[in-house]
Amino acid sequence: MEDYKFLFKVVLVGNAGVGKTCLVRRFTQGLFPPGQGATIGVDFMIKTVEVENEKVKLFIWDTAGQERFRSITQSYYRSAHALILVYDISCQPTFDCLPDWLREIEEYASNKVLRILVGNKIDREDREIPTHVGEDFAQRHGMYFLETSAKEAENVERLFMEIAAELMEDKIQARSKELPRYETNTTSINGKTTSIGDTSNCGCSRLS
Amino acid sequence: MAMIRCCLETEVPDVFETLVRKCTDPGCCCWCCSALRPRYKRLVDNIFPVNPQDGLVKNNMEKLTFYSLSSPEKLDRIGEYLFQRASRDIYRRRNGFVVIAMEAMDQLLVACHAQTLNLFVESFLKMVQKLLESTDPQLQILATQSFVRFANIEQDTPSYHTRYDFFVSKYSAMCHSNHNDSAIRKQIRLAGIQGLQAGVVRKTLSDDLVENIWEPVHMDKIVPSLLYNMQNSRYSSKEDATPDSPTEGRSDPPQFAETCMRELVGRASFGHIKCVIRPVLRHLDNHQLWVPNYFAIHAFRIIMFSIQSQYSYTVVEALMTHLDDHSKSSPKIRTSIADTLSKIISIAAGESVGPSVLEIINSLLSHLRVSVTRNQSSSNDEQLYQEALINALGEFANHLPDYQKIEIMMFIMSKVPYSQPDRVVSVGKGDVLLQSILLKSLLKVGTKYQTIHLNTTFPPSFLEPLLRMSLAADAEMRLLVQKIFHTLIDRHQNIIKLARPTVNVAQLDLTIEKASRPDVIFIRKHGPEIYLALYESLELASNKVENVESIYTTLALLAVELASEETVLELLRLVLSLQDLALTSSQISVSLKFNLHAIVISLLVLISYVCNITSLMDYASKVVEIRRKEAPHLLPDLQSQYDTGLSSRLAPALLVDQTVLSECLKGAGLDSGKLQQGSGYSSISLQHRHSWVDSAGRNSLADINSGATELDSGGSSPGVQKKLPGEELTFESMKRILTENNNNHIIEEEKRLQLSHLFRNAPFQDLVSKTQPKHDVLQSKLSEIFNTLSVDPRNTSQPGGPSADTKPSQAPAYEIHFPELFFHIKDKNGIWWNSVSMSRIILQHYLYNH
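Chains as they are written, first to last, in UniProt numbering: chain A, 1 to 208; chain B, 1 to 850.
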């Protein structure tokens, strides 16, 4: 039962009402709760998925979007392996706040965190933010990009699966890099700098 | 032998029983090999009933416990197996079995010895985590209960730091539970708090080895979670005193969160306090809980009550820094923060000592200053903010020992910007505001201070600037200073009784105590300074009725507090000079003069009452009687406006007469000589007060520059200048005085020569006839001689000079000219003659002729 090989912490952030909780519910429980109330503080879900025949356990921390819970939600960023920044494609203000969120992530999250921009509610007719605008934004800030619909279950599964796969790959790479470093101390400095360069410049086209 | 039999007896049917039972269970797929399974697995399997509703199989559980106790090396496998079973059951949603598995683990945990637990604990914690990960609230609550039980076990090496982060995160999340069912929500929240308290706080704090829960990562989760729950308590919405000690309540999330908060803060060491306070402040900011600030106060009270008292001032410090951070926020928020500060500062004050006290005061003062400079137009909110700060200051001072209060008062005084009273450049408006704010805070501190000895209350470095401030240009400010004096001088709660002048002293029911020795010494030393400052303060034309009244109160309090013979004289002298002031001053308005008369008589009545001098009392009441009949406006109450018809010229009967006073004093056996010495606090009396040696030395300078001498005494006795209102101290006028004096000298010299010439040349008979008469006619003889001198010295020196102008400017010069040692004679031209030199001339002449 407890035979998972990897454990990753994923934190969802974004303005209130963009559908963070619904995304998580759709993914973990396969349902779309219509009258979902506002999250208070933080909520927690788990899901174990299989990537390349390896079991990967995802701890999903679903944070409250409301301003007043900012202090507690920020404290969850630090330990996160991946941060999903969600906005509502039918609501311009939620998109306009993204730079603020990035600043916060910059400040509180670890610098190696995997960042994914998600435009939710693509089932809605009244789209305000075209896909390419979101894509541009993601590209500029070195993030992955995906548009989803929690209601229609569109791209939700894919979102988390890709995250799991990406995190796993990073982990494996990191492990393989770590091994020689312990063995030969002399080459470490060069190796290290290149590895940092690699991770920070990670491309953003894979998911979209 | 018996032992073996016993073992066999229990063992054999056991195996058999298992087989039978397993066979009846259709869900068991491996019944056939169950007998071949390891023993610990069989034992574990046996504790589960067929039907989960039946609960744990008790006697089988005992067997398992016995087994694990007798072979502790198997404990880790038992734990592992139990965990595996439970996770399978969770996966299959057979919660009944999960509960049983958890119960079994609990029992094993309690039963086993601490040193053997280590390996078992690992699976136990995995189990707890597994349950917490599930979405079923019941399982989460169950897990928490087990975790708490685990936390209560004394353990050598806590081994759960690997899961630590998860526990903190999960329990914090549970504290914020938003379950639809309110009962379940409450339970989950309680479980969350419990998990934080028992498991995380209690368990990890008792051991240094485990992860540091004071890391901001953890505190930022724990503290807001607790606060969020506390927010719903009854204190958060209304003003209610926070109890000192926690009231243990485990059924109510707010109550329980509060208990947990107290425990957390109580365990915090110096370095960790900031880690607790910072999230608190951020939480209050984020949830906008500053306005209204009931919850903020509640939360901070809890912190202050539970914190280790030696650290309590760091909380105050943190709150002040937060105030700094909020310097851009609305005044409302700042007011609330300052108010919170004032509410908690008293709790901190008892413990803080040394530099931290001054630091706190200093930072409060600098906040005040910033507030003053920020908002010159001072909106209402800003004023409230300043008020709140001053309150905080007062609260803080209130809880300090007395000697520190004096220090603080001196400290505040040193921060007051003040200008020299004689400086033309006045202070800016902001400074005036700051002055008054600082004085207000000083007053606040002063009211908390209980004077014992005046000399400790008023060290010179404090008294001096205070007296200087009492002459400030702003009437409001002077009023404040007087109020400070009131509160500091009064020791017997007489302030209210003496707040307004009255002639019915007997009705006031004053508390009077004989002045102590140190006080008398104090007043002997500093009394003149104080009286002079008060006198000068009364001289100011901008005084209002309140000012006069407040000065009266100061004087009356002094009289009551220092009722001794020695001080009475000084006071009476002051009273007389006040009357003089009222009669002679050209600066103050008529109504102010009437006010002065009123306080003169009030003070006289009070002094005579306090010192119990009957004759003086009689005299005072006589004057009161006359005034009541003829001039009621000279009696209290004071008015700001009197009938315009009232003349400022007064009949002598209405006034207090110096000679009568001195007679009364003599009658009471007091030395009234001092009273006669001078009429009081004008410049003359001041010079008498200086030691004659001093003044003689100064005056023996050949070129007496009277202006200059007056200037140096100006600091302590500006009255000298006040006496010469029209005079300007310019270079020209100095020069004039100087040359004038020189002329005088020349003329005198001339006169002396003439005189000696006369004596030398006149026939002896004449001289005999002139000198023979008794000495008391010397003056008349001399004036005769002077009459022969045709030249008037003044007219020669300044032929066209307007005499009205020159006269006042020369008057002090004459007085200074001759030290008081000498006996002076004034001729009818207003020229002073030194009798010593005069008689020497006469004697010389006499000897010469014989």
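Calculated from the structure, these hints are not laboratory results. Among the hints, a few may not be true.
Said to hold, decoys possible - What the simulated footprint calls covered on chain A by chain B, stretch by stretch (three residues with Cβ under 8 Å from a Cβ of chain B suffice, anywhere in the stretch; the number is not a length):
#, region
1, 16 to 22
2, 59 to 68
3, 120 to 132
As the list claims (entries may be wrong) - Just a sample of chain B residues kept apart from chain A, beta carbon distances all over 12 Å, derived:
#, residue
4, 87
5, 118
6, 166
7, 219
8, 225
9, 281
10, 285
11, 288
12, 374
13, 398
14, 405
15, 517
What the hints assert, rightly or not - Derived lysine-lysine pairs resembling DSBU-like cross-links, with alpha carbons at most 30 Å apart:
#, chain 1, residue 1, chain 2, residue 2
16, A, 5, B, 448
17, A, 171, A, 55
18, A, 47, B, 405
19, B, 126, A, 57
20, A, 47, B, 274
21, A, 171, B, 41
22, B, 405, A, 55
23, B, 41, A, 5
24, A, 112, B, 74
25, A, 5, B, 74
26, B, 405, B, 497
Idealized CB from N, CA, C, for every residue including glycine.
Results of checking the hints against the structure:
Counting residues of the region 16 to 22 of chain A whose CB lies closer than 8 Å to any CB of chain B gives 0, so the stated coverage by that chain is violated, three being the minimum. For a cut-off of 8 Å, the count of residues in the region 59 to 68 of chain A with a CB near a CB of chain B stands at 5, and the three-residue condition holds. With 0 residues bearing a CB less than 8 Å from a CB of chain B, the region 120 to 132 of chain A misses the requirement of three and the coverage assertion fails. Non-interface call for residue 87 of chain B relative to chain A: violated, since the shortest CB-CB distance, roughly 4 Å, does not exceed 12 Å.
Non-interface call for residue 118 of chain B relative to chain A: holds, since the shortest CB-CB distance, roughly 19 Å, exceeds 12 Å. A cut-off of 12 Å between C-beta atoms contradicts the statement that residue 166 of chain B is not in contact with chain A; the least separation is 8 Å. A Cβ of chain A approaches the Cβ of residue 219 of chain B within 12 Å, the least distance being about 8 Å, so the stated non-interface status is violated. Consistency note on residue 225 of chain B: stated as away from chain A, yet its beta-carbon is not over 12 Å from all of that chain's, at 7 Å minimum.
Its beta-carbon lying about 9 Å from the closest one in chain A, residue 281 of chain B breaks the requirement of being farther than 12 Å from that chain. Listed as a non-interface residue, residue 285 of chain B fails to keep its Cβ farther than 12 Å from every Cβ of chain A; the least gap is roughly 8 Å. Consistency note on residue 288 of chain B: stated as away from chain A, yet its beta-carbon is not over 12 Å from all of that chain's, at 7 Å minimum. Every beta carbon of chain A lies more than 12 Å from that of residue 374 of chain B, the smallest distance being close to 27 Å; the non-interface claim holds.
Here residue 398 of chain B stays apart from chain A, with its beta-carbon at least about 34 Å from theirs, past the 12 Å limit. The claim that residue 405 of chain B is not at the interface with chain A holds, since no C-beta of that chain comes within 12 Å of its own (minimum 39 Å). Taking the minimum C-beta to C-beta distance to chain A, about 62 Å, the non-interface status of residue 517 of chain B holds against the 12 Å cut. This hinted pair does not check out: residue 5 of chain A and residue 448 of chain B have alpha carbons roughly 68 Å apart, beyond 30 Å.
A threshold of 30 Å between alpha carbons decides the hint, and for residue 171 of chain A with residue 55 of chain A the separation of about 14 Å falls inside it, so the pair holds. For the hint linking residue 47 of chain A to residue 405 of chain B, the alpha-carbon distance of about 64 Å lies beyond 30 Å, and the restraint is violated. The straight-line distance between the Cα atoms of residue 126 of chain B and residue 57 of chain A is roughly 14 Å, inside the 30 Å bound, and the hint therefore holds. Restraint check for residue 47 of chain A and residue 274 of chain B: the C-alpha separation of about 37 Å exceeds 30 Å, so the hint is violated.
At most 30 Å may separate the alpha-carbon atoms for a hinted pair to count; residue 171 of chain A and residue 41 of chain B exceed this at roughly 36 Å. Annotation: proposed proximity of residue 405 of chain B to residue 55 of chain A is violated, straight-line Cα distance about 70 Å (limit 30 Å). Of the supplied pair hints, the one linking residue 41 of chain B and residue 5 of chain A holds, its CA atoms being roughly 26 Å apart against a limit of 30 Å. Proposed proximity of residue 112 of chain A and residue 74 of chain B is contradicted: the alpha carbons are some 42 Å apart, above 30 Å.
About 26 Å separates the Cα atoms of residue 5 of chain A and residue 74 of chain B, which keeps this hinted pair within 30 Å; it holds. Restraint check for residue 405 of chain B and residue 497 of chain B: the C-alpha separation of about 26 Å stays at or below 30 Å, so the hint holds.
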